[in-house]
Amino acid sequence: MKLLLLLLTTLLMSSCSSYISQMYKDLDRAEGKENPQQSQDKFDLYRKKAQMPATSNTRQLLPQTRRSYKPSEDAQRRYKANDLNDNSNDGSLWTASSSKTDYLFTHDVDKKNGDIVLIQVMGNLKNEITAELKRAFPDPIRKKADPAKPADPAAAAAAAATPASATEEPTGEDGKVYDRISSVVVEEINKDHVLIRGRKNLLYKNRKRLVEVQALVSKKDITVDDTLDSEKILESSITVLR
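Just so we're aligned: 985 in our numbering is position 42 of the sequence shown, and the numbers increase by one with no gaps anywhere.
Hints listed in this document are in silico derivations from the structure and should not be mistaken for laboratory results.
A virtual CB, placed ideally from N, CA and C, is assigned to each residue, including glycine.
Be careful, since some hints might not be right.
Below, computed lysine-lysine pairings styled on DSS-like, alpha-carbon distance capped at 25 Å [to be verified]:
1. K1175 / K1119
2. K985 / K1077
3. K1054 / K1163
4. K1163 / K1055
5. K1143 / K1077
6. K985 / K1055
7. K1069 / K1175
8. K1134 / K985
9. K1119 / K1162
10. K985 / K1175
11. K1069 / K1163
12. K1143 / K1119
13. K1069 / K1151
14. K985 / K1054
15. K1175 / K1143
16. K985 / K1069
17. K1086 / K1148
18. K985 / K1143
19. K1151 / K1119
20. K1119 / K1069
21. K1055 / K1134
22. K1175 / K1163
23. K1175 / K1055
24. K1175 / K1162
25. K1069 / K1148
26. K1054 / K1162
27. K1069 / K1143
28. K1175 / K1054
29. K1143 / K1054
30. K1162 / K1143
Simulated restraints, written as ranges between beta carbons of each label pair [to be verified]:
31. R1185 / S1011: 56 to 62 Å
32. G1057 / R1085: 44 to 50 Å
33. D1169 / N1144: 18 to 24 Å
34. S958 / D1135: 54 to 60 Å
Start from the sequences and build out the full structure, keeping to the hints where you can.
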């Protein structure tokens, strides 16, 4: 008898818990709440996550209530000897406190959203684009030769005359620029790195294909004439659009 009562109590509690959890799900669905979906962007790893305000990441917290204090009484300022020393970089032709403007011996390396960067396509990026095009547009599967049918002597002679090195894809010479891709700064990840994106029409298998290149680069690797070697790209993502 006790065993039967224990089983009934267990079944009743499990049914009540499942009913309550289902009720919470229905309420969340009615309010429009959805489970957060994980982003598929591979560059989310380098973005700064929003953190709750704490003393470790925020040294000074502004008060929520704004008070209008009366200005202090005007008094004659007392000057010191240190006030005559020019310790700032304002108006200097030699250097600047920030690299946002061109000076006599410094150049602007700060890139903002909308700035154009010319990517110099070298061997590594060329091979990645070629591999992505082959993955998107693979070669048609050839039919297997019928063993009962005699082989064509002309085709066999042509295959034997073709050297093995001709079928291998060239890896690309070091320092050689194969092409150029115009890109635009789409996001500033932090003060030292930006995210650029560019598109290029390429001729592949006698058809024009549109390829998009998205890359994470360092600002210091962008030259004065707004060019960037593909070998200095930190992380890249290649997409065949059509």
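Quiz prompt | Broken hints, by number | solution = none
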